[in-house]
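Asker: Here the protein sequences come in this chain order: A, B and C.
Counting in my numbering, the final residue of the first sequence is number 1914, and the numbers go up one at a time with none missing.
Counting in my numbering, the final residue of the second sequence is number 399, and the numbers go up one at a time with none missing.
Counting in my numbering, the final residue of the third sequence is number 100, and the numbers go up one at a time with none missing.
You may find that some hints are simply not true.
Dumping the calculated EDC-like pairs for lysine to aspartate or glutamate here, alpha-carbon to alpha-carbon at most 20 Å [unchecked claim]:
id, chain 1, residue 1, chain 2, residue 2
1, A, LYS1459, A, GLU1878
2, A, LYS1495, A, GLU1700
3, B, LYS393, A, GLU1787
4, A, LYS1459, A, GLU1535
5, A, LYS1461, A, GLU1878
6, A, LYS1874, A, GLU1787
7, A, LYS1461, A, GLU1538
8, B, LYS392, A, GLU1787
9, A, LYS1495, C, ASP52
10, A, LYS1530, A, GLU1872
11, A, LYS1461, A, GLU1535
12, B, LYS392, A, GLU1538
13, B, LYS393, A, GLU1535
14, A, LYS1789, C, ASP96
In case anyone wonders, no lab produced these hints; they're calculated from the structure.
Chain by chain, the residues:
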Amino acid sequence: MPPINFNDIEVLLPLIILVIWACLLLLVDLFIPKKHKWLTALLAAFGLALTLGFTLSQLGSESNGFCATGKPSICMVVLDGFSVLVNALLLLTGLLGVALAYGYLKRMGIERGEYYTLMLFSISGMMLMAQASDLIIVFLALELLSLPLYVLSAFARSNSDSQEAGLKYFLLGAFSSGFILYGIALVYGATGSTSLSQIFEIASVGTSSLLLTIGAALILVGLGFKVAAVPFHMWTPDVYQGAPTPVTAFMTAGAKIAGFAALLRVFGSAFPNLSEDITPILWALSAATMIVGNLLAIAQTNIKRMLAYSSIAHTGYILMAFVPYGNPEVAPVSIAAGLFYLFAYTITNFGAWGVVIALEQKESKGLQISDYAGLRRKYPVLAGAMTVFMFSLIGFPPTLGMVGKFYLFRAVLSGGYTGLAIIGVVTSLVSAFYYLRVVVNMYMFAGEPKTDNEFWLRFTIAGAALVTVVFSLVPQGLFAWASRAVLKLF
Amino acid sequence: MLLEYLAIAVLIVLATVVALIAIGLGGLFGPKKKTVNKSMPYESGMMPIGPGTRRMPVRYYLIGVLFILFDIEVVFFLPWAIVFRQLGWFGLIEMVVFVAILLVGYVYAWKKGALEWE
Amino acid sequence: MIPLSWYLILSAALFSIGLFGVMARRNAIAILLGIELMFNAVNINLVAFWRYLDPTIMNGQVFAIIVFAVAAAEVAVGLALVISVYRNRKTVVVDDLDLLKW
């Protein structure tokens, strides 16, 4: 009889609290009258903050959970610096997501309590992903984070765009899950284990097997779909454009973080030996994603679609950090730079989407880039914040985006991937064209933009703008945290 | 080694051939009289009512989906039941947690009126 | 005993049929069926590997059970989305869902 191990519970404590909270919220929401859904939002935010507190209390502790009896090295979940950092980032994403959604849902007439519950469930999936150390958990976490996102994308029930986005996201998401699953099955077949550390051990003694390589490649394809890397990006613009805007904001940040966490966990801990085969593929994926994402973004007139392509392009930049993942000398710095960039992107991204939400009107009006004309004259603060976000997405100083790109390119160059760094710099220059078009529209042209006064939305935008600028002046602490977090992984 | 399965292969071939012969002979020599009653769709001897491809109310899908969701959880109960004694209290607590989560979903569906037919 | 490779070939064939279904069919429900085929192909793989590699470690079987449950959850969400789209657009053919550029 296996004893009840309290260490296991401790490892997953924040996650367990969040899931219990989400379940209770689902029930409590049934009894909250329609007029008082702000209470659900508040409770969801409180749950996230509580979980964030517990997550931060785990800082510095390292442990494994749910291990095989008698074999303490084969475990289902792991708690380390990386998981704490990523979990904290995910919970921050959730809090920002709630803040952006609250006023928007009311304004669009789609306010229902399930929104927040689904978001909590999705975040628990993402957190589980960050802690996974077994392929079964990776798959489970992937589904737990995806299923609520499919529903959230289709959350505006009377809006055809949103319905369409939900269905498309679901079909392609499930399709990519099939690939990941098949890849996992092949890896399991090649090594006889689903534990990431076991796979690494078995793979490092034998000669490289074709089955293992194919399995890893299939997993890469599936994860490529999830993080929207070219050529698996076809669904991204449609889904990001059609989904309710706060959901899009949440997806672009949260799903990306979780996807990269999975990429790092699976490839970093199980397949470092395959880096000879995988690194060139990652190189090509990253280059293609940067080029295609940035070039297609130029042609867009709808701001949601433009930011969707921008999100694809940023996937490319972050993928850059993963290219040298098999080289233990370069990888820690590179991955730390990637994590920092993820943080920078998350904050900037939420700010930019916040401005989009502020200007969006019913029936998908106010979403053209030309609708931003005249913003400076009518709402100078909003225009200023948007300028900061656009600069940060390009990588102009003094913003987080610039610091992130600096760390990233430096790491890539020190890894010896000069070509990739050049592609990154050139595409960043190209991207300035379409980001600055928004700024030009706001400052140079006349127009009559409309926005509502929503406290939490403004608070988020202002906060994001402030963090984007201030942290760019003192980024060392954060980068040091990221470096410490990934050090143990290699 | 594979020869062990030869009998099954022979059986499959034989069954197919016999069935084909029976149907073929019947079609070749049997009388063919088409009447209205004969060409009606077969509904266990009852008179068919309405067209065959009748649309189901959308409620039916809702109930069906809920059924799948709660039904599939049995695959977790069965292995658990087999090793129930070895797992002891640990297994029992795990199962209580599992059922509690299912119950949350059930209560939600109930309160939302998904189980009402009207 | 039947060699492992037979199961793997069966599974690969099933996976490919599912893949073809997803690519070629235009009806959302048919695409869903294709995806289910892919999932079940994986299940065959998992159980076959479990049986042939080390039957004392239950990973493969447990994974197959989890895949069942996840597939059911996915179908539930998928069908709900299809019904919801049908209510709005009166179609489940993905080619007709062209409000957003596909």
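Asker: Given the hinted pair A:LYS1874 and A:GLU1787, is their Cα-Cα distance within 20 Å?
Answerer: Between A:LYS1874 and A:GLU1787 the Cα gap is close to 14 Å, so the pair holds against 20 Å.
Asker: When you check the alpha-carbon spacing of A:LYS1461 and A:GLU1538, does it fall within 20 Å?
Answerer: The hint holds at about 10 Å.
Asker: Taking only the CA atoms, is the gap from A:LYS1461 to A:GLU1535 under or equal to 20 Å?
Answerer: 7 Å, holds
Asker: Within 20 Å, alpha carbon to alpha carbon, are A:LYS1459 and A:GLU1878?
Answerer: 17 Å, holds
Asker: Does the structure keep A:LYS1495 and A:GLU1700 at a Cα separation of 20 Å or less?
Answerer: 31 Å, violated
Asker: What's the verdict on A:LYS1459 and A:GLU1535, does the C-alpha distance respect the 20 Å limit or exceed it?
Answerer: Given that 20 Å is the threshold and the Cα spacing comes to 9 Å, the pair holds.
Asker: Verify the proposed pairing of A:LYS1789 with C:ASP96, using a straight-line Cα cut of 20 Å.
Answerer: Measuring from Cα to Cα gives roughly 19 Å; hence the hint holds.
Asker: Going straight from one Cα to the other, do B:LYS392 and A:GLU1538 come out at no more than 20 Å?
Answerer: 13 Å, holds
Asker: Does the alpha-carbon distance linking B:LYS392 and A:GLU1787 stay inside the 20 Å limit?
Answerer: 31 Å, violated
Asker: Straight-line Cα separation of A:LYS1495 and C:ASP52 no greater than 20 Å?
Answerer: 16 Å, holds
Asker: Keeping to a limit of 20 Å between CA atoms, is the pair of B:LYS393 and A:GLU1787 held or broken?
Answerer: Distance ~28 Å between B:LYS393 and A:GLU1787 Cα, so the pair is violated.
Asker: Are the Cα positions of A:LYS1530 and A:GLU1872 separated by 20 Å at most?
Answerer: Answer violated: A:LYS1530 to A:GLU1872 is near 23 Å, above 20 Å.
Hint compliance for this structure: hints 2, 3, 8, 10 are broken, all remaining hints hold.
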